[in-house]
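Colleague: Using the hints, put the two standalone chains together into the complex.
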Amino acid sequence: MTDLQEHFQRTLDRDQRLEPRDWVPDGYRKTMIRQIAQHAHSEIIGMQPEGNWITRAPSLRRKAILLAKVQDEAGHGLYLYSAAETLGAERAELTEKLIDGKQKYSSIFNYPTLNFADVGVIGWLVDGAAICNQVPLCRCSYGPYARAMIRICKEESFHQRQGYELLMTMMRGTDAQRRMVQDATDRWWWPSLMMFGPPDGDSPNTEQSMAWKIKRHTNDELRQRFVDMSVPQAEALGATLPDPSLCWNAERGHYDFGEIDWSEFKQVVRGNGPCNAQRVAHRRAAHDNGAWVREAALAHAAKHSAREEAAA
Amino acid sequence: MSTENAYEALAEAHDDARWAFGTSFDDPLAGVDTTVPSGVDGDDLHAYCLMLGDDALIASHRLQEWCTNAPELEDEVALANIALDLLGQARLLLARAGERGEDYHAFFRDEQEFRNVRLVEPAGGDFGYLIAWLLVFTSWRLALLQRLESSRDPVLAAVAAKGVKEMTYHRDYAARWAVRLGDGTEYSHDRMRAGFEAVWPLVDELFTPHPIERRMAEHGVGVDPATVRAEFDDVLARVLDAATLELPEIPALAGVSGKTGRHGVHTEAMGYLLAELQSIARAHPEAIW
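So the protein sequences, as listed, match chains G and B.
Take the position in the first sequence, starting the count at 1, then add 3; the result is the number in the numbering used here.
Take the position in the second sequence, starting the count at 1, then add 376; the result is the number in the numbering used here.
Chain B with its partners taken away, still in its complex shape (with noise of 0.2 Å):
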């Protein structure tokens, strides 16, 4: 195609896959063997992949309000990449999810039905507590995904394959930053600081397994989230200590007769978040887009 009959081209029919971005994606996972591993649960496994999913789905959520709001061009394209990149990560594990299919359950599920940690759900804060929070995201979540790339499960080990790629680079922005405001001035320090107070309330429950995750890890597919506390409270040390920052002491959230994110008990932002991402799919539960 020159570039002089681009738009004349536009009702012509043609072969160029690139374009069309996931446009003739079906089956994300296609060419990956998706029988249930033997001795594991399938609902067992639908659930666990819906954790993995929705973290990544209501984490991406947040950054994608990050669009046209960064502090400079740099970080718009960088943010956009990283909410990109976890977009990418629920599609395959929601699609893994059951048969339904990630468009289900992205928009037709209920808030109790959603099993994400309680922290990729807060509204707003400004660039500190962002880069806090998604210090903290990247590097419980990118631990979790090297622990998964052993997984029994061959979707699960392919979809964290790919994730560590990518966790590695987001965590390397978020440590950057954190470290440049952390040093920077006065006021980026303090902000920084109030960032990771902020944030830290709802780390304990990152790393406090639920019976399904246990299950999951008994079985060698998944991962026991406490078994990456240590590594994660090494990494969140080091960043702090090269960003002139304590590692806060603030107690946990507490969770309802404790129960949390994990059980499909969220935040009370939770809930306007998913009416924000579920208006149009459920004002017209027949199209196809």
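Chain G on its own, in the form it takes in the complex (with noise of 0.2 Å):
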């Protein structure tokens, strides 16, 4: 084992922090750029499910609120990406690998949002399941990361309770509102669930994540978590689980929950969900109709330098 190596499986057993500036093997370095950029790319593509109701949110409060949330999207996507530019990747390429469809983000956002009780489940399901995935990565072993994942899972938090507290003022209002917040838990839970990955027995990356630390805990270890934290949450809220089989086992200390449609999951993650063509869509016509903006800016600031030098 050569010196850097050593320093490198030395770091992970110290349970310390690797920077920018130490050697780390090929296959930590991929797959550390791939993890930050799904993420980065999640945090992009997932402002559109929810940008979908900000001209139509029905109270300016609520309006500001989400509006505010996907900004801080946005905010969380740049973070990110600056987490992989110091593991030597670019956001440019990166961007083109999410728009040629050549990396993935998560599949959560390639389910519709189809009324507004949808932005009040995505902040109560969809950012609670990012938030028990998200807090074990704090600790991760790559620094720049784990640092990222501190600010954003305090932010996360945040946004968590105001799509709670959405759902609480309206599981107050009238029958309707009611309706419209069941229809988005039904819609949301099973998609939720699928968002801790495959099986473990299915997970083939799983064991290399956690001997580097990358990863602290298994898609199921999770999952259950997330299941266990949801039903008092549900029950509380007044809204019913789509699960039959959802029990509490008193042997296992844990939730029993009902099989997951892993056919639907596979299809979504290979391009046919309801809204992949349309996500990625989106993004690269944002990205196309930008492309003269940014060569204007790079050409002013060539110009602009070029002006500077020749008065000086």
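It is worth saying that the hints were derived from the structure and are not from the lab.
Backbone N, C-alpha and C define an ideal beta-carbon position, used for all residues, glycine too.
Errors might be hidden in some of the hints.
Said to hold, decoys possible - Incomplete in silico selection of chain G near chain B, CB under 8 Å:
1) Gln51
2) Gly54
3) Lys66
4) Ala71
5) Val73
6) Gln74
7) Ala77
8) Leu81
9) Gly176
10) Thr177
11) Ala179
12) Met213
13) Asn292
14) Glu298
Modeller: Next comes the structure, spelled out in structure tokens:
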């Protein structure tokens, strides 16, 4: 083992953070870039389903909350792309991979938002599942990502509270509002469970990621934790989770839940979800329509520095 | 709250007001003297607040439409930020426009009751149009708010003081992009020029005072927009010069029997904008959000 390899292993063994200046194996670098990029892409694509309701938000307060949330997601994306850049990737290159379909983002955003309660349920369940996934990442072995996660988790928990509070308010409102909350809960529950990824037996990368201390818990562990926390919250809300098999198992100390439809998960991952094509086309259009603007900014900057040099 | 149990703590009671961003924000003007200044007609003051509030509300709506469509993530953040600031100004001003509250004014008035200038209404356009539009709107509004800071109405003065800080940044953002695009490539130069040409017919209306604006100015409460024209022209001339562009020479859009946005006579785009803005609120008039 070389000195560099030894330093890498020792850092992991001591549970310390790796920093951009440290040597890491190629596989670690690739895995980390892929994971951070997918996370950044998820933030950016995730702006679309919620952004869908900004102009129609039914009160100015809710409009401000939603707009601020979607703006935060753009900020998270920026922050994460910067973390990926510390590993040698470039934002422009990663964006190309996203719009060429060569890199993935969280499949949850390939589902449509169909009524205003979706905004609240995304906060409650989708951000909630994201927090369950991301809190352990605050201790991830790669320093810039771990630190990004601390900040992002704080903001996500803020968003989650806002979402849950919207649902609570709607449940105290009219019958139509309560139906909207239930409808949104019915549609988002199962896709939220899928956010933790395939079952452990079917998750080829988990073992290596855990050895590298990128990942701290398996998919199934995190999924169970999410279910256990969500059930009492649904009860407090007065909404029914759409799973007749949900019940407390005193022996395990956990809730049992029904079988996830993994065929749907695979369909969506493969690109055949309700909104995959739409989401990527939207991102591509924004990127393509902005090309002349980015070119102009570069051209102006070049002219500007040429003029400064000439004047000096 | 530790990050470990953020999710578990969801249903617990808490007193962290920050997260709720206005959740217990029933009266945005709490603490400010809201009595109508002496000698001022209450209806005039309400109508004047609607004018300034509607400008901000509708301009914010058009900026919200840029969300997820910006050329770069930094602009995504900046445009959302400007939209949020304007929305915040609109909320304070609409709350000042009578007892019925901000949401009544935003969601339950009909088109002819809106008092915004027509400039904020048109849909679409590319980034060049957006920047021309934003530069014109922010240069005009910043000049108005700077004068409103010394309004006899403490609410308007407070809204203006907050707004001046915000609009200074907004105008700076627009001016920088106008220079980059005007000076950048041949194509961006053309797009920027086309943007100013598209916006220009609606500029004169910004400086044509409505009788209510005149009366409010006479009472030391409002600003006669005609008085900020010279400053506006100066700002635009300087930015366009740096952007290697010329001021467009395009005639102003006429009104209808002399009536324009401030009178409640709008463009055709306004009906579609309101249909979208008001759709859910009107579908559920009994609901609480």
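Colleague: Decide, hint by hint, whether the structure agrees.
Modeller: Do the hints match the structure? See the list:
no., hint, verdict
1, Gln51, "5 Å, holds"
2, Gly54, "5 Å, holds"
3, Lys66, "6 Å, holds"
4, Ala71, "6 Å, holds"
5, Val73, "6 Å, holds"
6, Gln74, "4 Å, holds"
7, Ala77, "4 Å, holds"
8, Leu81, "5 Å, holds"
9, Gly176, "5 Å, holds"
10, Thr177, "5 Å, holds"
11, Ala179, "6 Å, holds"
12, Met213, "19 Å, violated"
13, Asn292, "7 Å, holds"
14, Glu298, "6 Å, holds"
In terms of the numbered hints stated before, the structure departs from hint 12 and from no other.
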